[in-house]
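Number of protein chains: 2
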Amino acid sequence: MLHGGDLLSYEDSYKGELIDFSSNINPLGPPKGLYEKLIESFHTLNSYPDIQYRKLKASIGKYLNCNKDNVVVGNGAVEILNNFIFTGKRILVFTPSFSEYELRAIAHGKEVKRIPYKEDFTIDTSIIKEEIKKGDLLILGNPNNPTGLRIEKDVLLQVYEIIRKKEGYLLLDEAFYEFCPSDYDSIELFKDKDYENIGIIRAATKFFALPGIRLGYGCASRKKVEELKKIELPWTINSLADSAGQFIFKDKEYIKNSRAYIERERKYLLKELKKIPGIKVYDTQVNYILIKLIDWDEEYVFKFFLNRGIIIRKCKSFIDLSDNHIRVAIKDRSSNEKLINIFKNLFERRKR
Amino acid sequence: MLHGGDLLSYEDSYKGELIDFSSNINPLGPPKGLYEKLIESFHTLNSYPDIQYRKLKASIGKYLNCNKDNVVVGNGAVEILNNFIFTGKRILVFTPSFSEYELRAIAHGKEVKRIPYKEDFTIDTSIIKEEIKKGDLLILGNPNNPTGLRIEKDVLLQVYEIIRKKEGYLLLDEAFYEFCPSDYDSIELFKDKDYENIGIIRAATKFFALPGIRLGYGCASRKKVEELKKIELPWTINSLADSAGQFIFKDKEYIKNSRAYIERERKYLLKELKKIPGIKVYDTQVNYILIKLIDWDEEYVFKFFLNRGIIIRKCKSFIDLSDNHIRVAIKDRSSNEKLINIFKNLFERRKR
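Going down the list, the protein sequences come from chains A and B.
Position in the first sequence (first residue = 1) + 23 = this note's numbering.
Position in the second sequence (first residue = 1) + 23 = this note's numbering.
Simulated from the structure, these hints should not be mistaken for lab results.
It is possible that part of the hints are untrue.
Each pair may be met inside one copy or between any two copies, as identical chains are not told apart.
To be verified - No more than 27 Å apart at the CA atoms, straight line, and that leaves these computed lysine-lysine pairs for DSSO-like: (1) Lys78 to Lys337; (2) Lys85 to Lys133; (3) Lys337 to Lys253; (4) Lys253 to Lys339; (5) Lys337 to Lys252; (6) Lys156 to Lys367; (7) Lys91 to Lys60; (8) Lys297 to Lys337; (9) Lys214 to Lys279; (10) Lys339 to Lys252; (11) Lys214 to Lys246; (12) Lys156 to Lys290; (13) Lys253 to Lys112; (14) Lys252 to Lys216; (15) Lys133 to Lys157; (16) Lys38 to Lys337; (17) Lys252 to Lys133; (18) Lys246 to Lys294; (19) Lys136 to Lys253; (20) Lys133 to Lys112; (21) Lys112 to Lys252; (22) Lys176 to Lys275; (23) Lys246 to Lys55; (24) Lys133 to Lys253; (25) Lys253 to Lys60; (26) Lys78 to Lys91.
Owing to the predicted nature of the structure, the values given are computational and were not obtained by experimental measurement.
Turn these sequences into a full structure, and let the hints guide you.
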């Protein structure tokens, strides 16, 4: 299990509808009015999408508050990630983190250097200083998946300076950006550097609840944008995803409500989960929670939840996490309550 | 201009709606009922598509009449092409042909060997015999773009045997397959070889009039399918494209009508174009026509047509075609008549 969200593999294991806590999608669903917008765009399906995605890039530039010439787009964040990795000499990844960082590096025959997070899942900048060489590309999840932590502003600036001086490249994977309460926006933070030696990736996937539409985007220097063009496949964003990207970012009310909703449920779920014995609940700034199982292994807990209609994310496939870690999404209140009750059952059963 | 279909670049040049003769899309539009199917699938947008595309591959396997385990899928034919190219040592391309063969090879740092078609755009098998080495991947458009010719069955079998013996790989790009009147189906032809050393790519793009949906597919040995999995990005086909691929191939009536329609219009357009002096019209088996301009260059003719509301495909960007070639799609009767009339005007103007 390298990725969450693979419900089809388990649909025969449970009679009834499965609740997916394995992929971290905004429980409010996509912005209102999107379906109508897509219906209006059906007639565009029998032409190619704009090969330069001009309107889409303008819409994203406006949303990110950066110049449209700094915008890159792709078939989900993972395609943009793949293209950036293509431009690096060695790929440096912190562990544990999203498995595709390393998988895409391997697919492209790149040397991978793993650096472990500290025990509290923060970054040891001195290791970066030692390791980074000219041409290296360091990928940091911000917030990181599955650990749920965002890089502190001064640490990020420190890391950036180390990398810039050594002529490396810093790639921030911010696919979960909007979920986080934050005192800084990386796209603002590096604007006056013209994104020299830094790229930032985001996506419609998680926050706009559109994993099916495949729309990732990001921000980089014009030089990097041109370099990426040589690698990018043509037309990788489908016409309806193109239309969606010209619509969803305008809904400021939806964005505000989603952030507030997740913040409330995060507090609730953290508080309730921390009451349950036998598990260690890590702090999180985002819409998923990493949990260490003290008394069980992931396989047992996975089946326990599956038998009760819930899919959780086993974490053994993350480098440096053993088979006693799981990750759960933060969902709507009723689902979150179900999750908590099953955790309580898990603990109750142990006692007998 | 590397690709057709880029209308947005020219929309300011003409007052009124442009007719696109530069991309070769079925003029009948997508199969009936597709939009309703897409609307039914909107609720799938807030989950990830099936990472294994099980239902989609079953649907394609049924349509192609091959085992679903031999099916590969991708974000348009070009992504599949890209992944196949990734597995080749050297890339051999015939010229002129689709520019992405060479572009994707270059993006992956592969050595490219160009082999020119004979003057009548058929294949000289003796050159393949001389050139092909172990691990090489030879790409053949079948029918080829922009020349419009399909490989004859006995020539194809001959080429395949040469390549198989030398342990090379033959990749057939059959993105236009359904448009061609044909005495063979490559997927049937190589079934008893278990697709050893051969891959066949097709797409919903052209024949099903869905360039916007981004759905390519193909057929290869199970061994090659596994090899490609190591390179493939996850979830590159969006949920709505996934749904479309479970719907469109069932419409046998649409397929029959489209083939008959194109055959009729091909005959009409060829007959009428051949009457016009000052151009050489090449024979074609597909839904586009390559034309050699005797008295003008492509730029002049492109502007002449643009000023009259029609976008044609300049062909200088195809290796081994000079700036006196253009390509036009075969469209609906009324558009085709407009095209012919503008050609007549072009000739009339020259006379003055």
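Hints, verified against the model:
1. In the homo-oligomer, the alpha carbons of Lys78 and Lys337 lie at most 27 Å apart only across protomers (25 Å), although the nearest pairing inside one protomer, at 40 Å, exceeds that limit.
2. In this homomeric assembly, Lys85 and Lys133 never come within 27 Å of each other (Cα to Cα): the closest approach is 35 Å inside a single copy and 38 Å across copies.
3. Only between protomers do Lys337 and Lys253 lie at most 27 Å apart by alpha-carbon distance; the minimum there is 22 Å, versus 37 Å within a single protomer.
4. Within a single copy, Lys253 and Lys339 get their C-alpha atoms only as close as 36 Å, which misses the 27 Å cut-off; across copies the closest is 20 Å, which meets it.
5. Within a single copy, Lys337 and Lys252 get their C-alpha atoms only as close as 36 Å, which misses the 27 Å cut-off; across copies the closest is 22 Å, which meets it.
6. Neither within a single protomer nor between protomers do Lys156 and Lys367 lie at most 27 Å apart by alpha-carbon distance, with minima of 49 Å and 64 Å respectively.
7. For a Cα distance limit of 27 Å, the shortest separation of Lys91 from Lys60 inside one copy, 23 Å, qualifies, whereas the shortest one across copies, 34 Å, does not.
8. In this assembly of identical chains, the alpha carbons of Lys297 and Lys337 lie at most 27 Å apart only when taken from the same copy (19 Å versus 66 Å across copies).
9. Taking the closest pair of Cα atoms, Lys214 and Lys279 come within 27 Å of each other only inside a single copy of the chain (24 Å); across copies the shortest separation is 56 Å, beyond that limit.
10. Proximity of Lys339 to Lys252 under the C-alpha cut-off of 27 Å is restricted to the inter-copy arrangement: shortest distance 21 Å between copies versus 36 Å within a copy.
11. Taking the shortest alpha-carbon separations for Lys214 and Lys246, only the intra-copy value of 14 Å comes in at or below 27 Å, while the best inter-copy value is 47 Å.
12. In this assembly of identical chains, the alpha carbons of Lys156 and Lys290 never lie at most 27 Å apart, being 41 Å within a copy and 63 Å across copies at closest.
13. Taking the shortest Cα distances, Lys253 and Lys112 sit within 27 Å of each other both inside one copy (16 Å) and across copies (20 Å).
14. For a Cα distance limit of 27 Å, the shortest separation of Lys252 from Lys216 inside one copy, 21 Å, qualifies, whereas the shortest one across copies, 39 Å, does not.
15. Taking the closest pair of Cα atoms, Lys133 and Lys157 come within 27 Å of each other both inside a single copy (15 Å) and across two copies (24 Å).
16. Taking identical chains as interchangeable, the C-alpha atoms of Lys38 and Lys337 lie at most 27 Å apart only when both belong to the same chain, with a minimum of 21 Å there against 58 Å between chains.
17. In this assembly of identical chains, Lys252 and Lys133 lie within 27 Å of each other by CA distance both inside one copy and across copies; the values are 20 Å within and 18 Å between.
18. With identical chains, the CA atoms of Lys246 and Lys294 are never at most 27 Å apart, being 46 Å at best within one copy and 50 Å at best between copies.
19. When the C-alpha separation of Lys136 and Lys253 is checked against a cutoff of 27 Å, the pair qualifies both within a copy, at 26 Å, and between copies, at 20 Å.
20. For the identical chains of this complex, Lys133 and Lys112 are neighbours both inside a copy (7 Å) and across copies (17 Å), given an alpha-carbon limit of 27 Å.
21. For the homomeric pair Lys112 and Lys252, the shortest alpha-carbon distances inside one copy (18 Å) and between copies (23 Å) are both at most 27 Å.
22. Proximity of Lys176 to Lys275 under the C-alpha cut-off of 27 Å is restricted to the intra-copy arrangement: shortest distance 25 Å within a copy versus 59 Å between copies.
23. Taking the shortest Cα distances, Lys246 and Lys55 never come within 27 Å of each other, neither inside one copy (37 Å) nor across copies (45 Å).
24. Taking the shortest Cα distances, Lys133 and Lys253 sit within 27 Å of each other both inside one copy (18 Å) and across copies (14 Å).
25. For the identical chains of this complex, Lys253 and Lys60 are neighbours neither inside a copy (32 Å) nor across copies (36 Å), given an alpha-carbon limit of 27 Å.
26. When the C-alpha separation of Lys78 and Lys91 is checked against a cutoff of 27 Å, the pair qualifies only within one copy, where the shortest distance is 9 Å, while the shortest distance between copies is 38 Å.
The structure fails hints 2, 6, 12, 18, 23 and 25 (numbered hints given earlier, in ascending order).
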